[in-house]
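Fit the two chains together into the complex; they arrive one by one in their own frames, and the hints show the way.
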Amino acid sequence: MQPNALHASADSPGGDALSGDPLLTLKNCSLTLNDTHILRNIDLDIRQGEFVSIIGPSGCGKSTTLRLMLELLKPDAGARGDGGQVTFPKVKPRRGMAFQKPVLMPWLTIRANVELSLSLGPQKTPQSLRRGKAETALELVGLLDYANYYPKQLSGGMQQRVALARTLAAEPELLLMDEPFGALDEMTRDTLNLELLRLWENRANGLKSIVMVTHSLHEAVSLSDRVVVLSSRPAGIRTIIDVPLPKPRSAGFVSIEETPLYQQTIARLRRELHSDD
Amino acid sequence: MTDVSKRRPLEILKRYDALLYPLVFISLLLVAWEVSVDAFDIPAYMLPAPSDVLDAMDSALLHHTWVTLQETLWGFLIANIAGFFVAVMFVHFRPVELGLFPVAIALKTTPLVALAPLLVVWLGTGMASKIAASALICFFPVLINSVKGLRSIDAESDELFRTYQASRQEIFWKLRLPASLPYVMSALKISSSLAVVGAIVGEFVGANAGLGYVVLVSSYHLDTDIMFSAIFAAAFIGLAFFWILEAIDRRFIFWQQEGAD
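Sequences listed follow chains A and B, in order.
Residue numbering for the first sequence follows the numbering used here, beginning at 1 and increasing consecutively.
Residue numbering for the second sequence follows the numbering used here, beginning at 1 and increasing consecutively.
So that you can see chain B by itself, here it is in the shape it has in the complex (with noise of 0.2 Å):
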């Protein structure tokens, strides 16, 4: 008994060792880089310090994030539904899968930097835009991913539903969708990153509210503690959006079979 209530406050502080020391690094880190300015007097244009950078994180930031935030979760939405429903014909129907599946190497390989201009001259300066960049860049690997959960089946588990003379509809919604969760699963996560890049890149092009537009803007007038705070709030988005889907993944799929990633 006088082992285990020794070993508890340890355990707790262990509970939250995944939190704790990447809050402690990154603290030290901002000291660090706090007193290097300081100390070295490096110029603001150049690298502003921490404290100049949460001075400039203001109500209009929080708008620009917002816009971001909107267009990254609609351009997500938008490439994993299609994506994974796209798949789903991969999977059924072969000759979809033939004539389709250049299709799509090709919009993979086309670098999403060129396009964003058109996207620009189709759909305007306003989200639109971005949202579809943002979902042209995230539906290549949530088709990849979904139609090799979809055939990760094995022929064992195949037999066995066709041995109950199961339908089509039986073996998609009992045996193929499940056993496609966690190969869907970590599509979401690739995607979750790839959707803020799509977002911004689409912002750089043409617009005039985002995160992207304040990075391109605040470049011109060197106010690089404002680019360091849109910075800082994309990267938040990225991170929080792949914590959720994260916490999303270990609570529902938790039997993760491997080669899923």
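Only chain A is shown next, with the shape it has when bound in the complex (with noise of 0.2 Å):
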């Protein structure tokens, strides 16, 4: 895959403060569904300019993490109103959310996927810019040329950047994700989470904050300034480390693994992550 076009923002590379302001707050929040306890005492500020990574054992209850602050779901209500709340410290930010799974339309061509982020709800785009819009993030994500295509014609890896694209489309400041590309091979997984990085580093259709999920420790380091572990369910927040790499990371996206840094943070989060067996 060669590097996309990609639209350089007026925006520093990599370059915000780290400690921005929140752009959105999960204070308190513990969760029961179905009588089944699955996050207990979730306080976590993600803040503007930062790519946090959430680990824990599977099933812990990442994904609902996720969908709590896609407001998909509500914390539970606590006895006496003091139950946890979901807020945005400022105005609330454009969410969009990538799947595990691509989730495309089969009857869509590429180009309608990506504008079917644009043509639903109240704060739908306009006829006449979805196109414009849908091609640009296609053009980032290096599948312009597929536009006409429909999904059951791609592989899986360039699926998987339709649905990202369809997601940038909408012009999220909070991008989601939930294992983006779990479910794909290692290497092509690999190419994307590269990809991935370049746009986060140019700040690619107005990103301000990525939240995402992930299995791979790899994953988390690589990519993230913060990595959140939880504990198994009910899940609270074992710790968060702080990702003490260099950025931008794209450059040496392939070798930064070689650095004793690195090897140390991931010895450090798996030191975490077992800690209680």
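Since the hints were derived computationally from the structure, they do not count as laboratory data.
Check before you lean on any hint, since a few could be wrong.
[Said to hold, decoys possible] Non-contacting residues of chain A with respect to chain B, defined by C-beta distances greater than 12 Å in every case (computed):
1. G83
2. K101
3. W107
4. S117
5. S119
6. G132
7. E173
8. D178
[To be verified] Coverage of chain B stretches by chain A, computed from C-beta distances (three or more under 8 Å per stretch; other residues unrestricted):
9. 125 to 135
10. 218 to 228
[As the list claims (entries may be wrong)] Far from chain B by the CB rule (all over 10 Å, computed), these chain A residues:
11. G20
12. S30
13. N34
14. D45
15. R67
16. Q85
17. V103
18. E135
19. K152
20. E179
21. M187
22. P244
23. P246
24. E257
25. Q263
Ideal Cβ placement from N, Cα and C applies to all residues, glycine included.
Structure follows, in structure tokens:
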């Protein structure tokens, strides 16, 4: 895959202050669904300009945390109105979600699939602008040539990039990703991670922050500024680790794994993950 | 290059395989039938030769075929529109489903043959009672398949739409409806052959035109050749109907999900 035509924005690449204002705050969020206690007292700020990864034992509630951020689920109300809250300190940011599966509509062309995110809900884009925005997003992921194809004609990796383009087309400020490349083979996954990193460092389409759920420690460390480690269910935050690696990272993406700092960070995460075994 | 030109005639044949093989086979069968009727001296009232059946096909048969075709098409159309509409209601309003589903099941389990005389009493011996019989027999498969199709969307697609705060209308038109099309299409195919059955059963009970009427009357007179001509005409309606739907299916429902049949 060739490096894509990236739309370099005016922002300095990857240079936002880490201590940006919170875009979104989870305050004391617990969640019980069908008598299953899934989340317990989650406190988490997602700040402007950061890439946060969430890791934890499988089935612990990582995806559920994303769904709280999307407001697809509400935190438990609590006994005396002292329940959890999902708040947005400033303006509620536009949020976009990338799922583990591409979730493309098989009856729509690639272009129409990307336009889907622009044609739904109260904030839909005027019809005349959709095509242009969809094509810009497809160009970002390097698939403009496939605009007239149907999902079935594309490989799994390409489908996932279409899904990313669909999410980016709606110009999300906060991008939430639920193991977006988890179903792909490792090489494709690596390529897409690098591509994601480039999009992120260029703040493509007005991105402000990314929250990504992943199973891969390597993915978490090489992409993020902070890694949130959840405990097993009911999941609470075990620890949050700052990734001390220099930025921007896309240039040295391949060699970063060889640095001692990288290895140490991975080791630290592993210790945290296994600390209750 | 030489390879390609050598292969070409064969490939042209292959394209028509689906047509050629059945045609050859059916022709052979007809010849065997014709010859054996002659050879074994089978009386015409038992089994007329294909040539006699062909002779029996006249303009009257055309008229009766046209009557049955109309009844079939109307019944099919009414059942599909009604079935799909009720399915949409079922999917969106739970109480409607809970209340009406047992009724639909009862309708399905009641033999149409038992209802047909009632339909004739209510609607007369004209086309209306046959259209009703045809629609009744088609209704249930359409309903079931449509409900299945409208419910066939996966959790992720639903979440995707909710992420963008899509309205109920948007979810219906842009997700549920297209997702249901493969299922609806197979419902159409199933009901196309049932629609013919319904119309002919209706004609058996009380009619003055139509293929079912021809079969019945010719059986009284042992005009077996006429009977056969009507049976062939009925089979032809069913086949042609199915083929047309199959062609539409392949052309428009190109994404075809598994498990839709």
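Right, here's what the structure says about each hint:
1. G83: Holds, since 22 Å exceeds 12 Å.
2. K101: violated (6 Å)
3. W107: For W107(A), whose nearest Cβ neighbour in chain B is about 5 Å away, the distance does not exceed 12 Å, so it is violated.
4. S117: violated (6 Å)
5. S119: violated (8 Å)
6. G132: Check passes; 19 Å lies beyond 12 Å.
7. E173: It holds; E173(A) is separated from chain B by about 14 Å at its closest Cβ, greater than 12 Å.
8. D178: The claim breaks: D178(A) does not keep its Cβ more than 12 Å from every Cβ of chain B (closest is about 9 Å).
9. 125 to 135: It is violated: at least three residues are needed, and the segment 125 to 135 of chain B offers just 0 whose Cβ sits closer than 8 Å to chain A.
10. 218 to 228: violated (count 0)
11. G20: Correct as stated: the minimum Cβ-Cβ distance to chain B is 24 Å, above 10 Å.
12. S30: Per Cβ check, S30(A) is outside 10 Å of chain B; nearest 21 Å; holds.
13. N34: holds (15 Å)
14. D45: About 22 Å separates D45(A) from the closest Cβ of chain B, which puts it past 10 Å; holds.
15. R67: Since the minimum Cβ distance to chain B is about 8 Å, R67(A) lies within 10 Å and the statement is violated.
16. Q85: holds (20 Å)
17. V103: V103(A) is in fact no farther than 10 Å from some Cβ atom of chain B, at 5 Å.
18. E135: Given a closest Cβ separation of 19 Å, the condition holds.
19. K152: violated (7 Å)
20. E179: The claim holds: E179(A) sits with its nearest Cβ about 12 Å from chain B, beyond 10 Å.
21. M187: Per Cβ check, M187(A) is outside 10 Å of chain B; nearest 25 Å; holds.
22. P244: holds (33 Å)
23. P246: Holds, since 34 Å exceeds 10 Å.
24. E257: About 32 Å separates E257(A) from the closest Cβ of chain B, which puts it past 10 Å; holds.
25. Q263: The claim stands: Q263(A) keeps its Cβ more than 10 Å from every Cβ of chain B (closest is about 36 Å).
In summary, the numbered hints that this structure violates are 2, 3, 4, 5, 8, 9, 10, 15, 17, 19.
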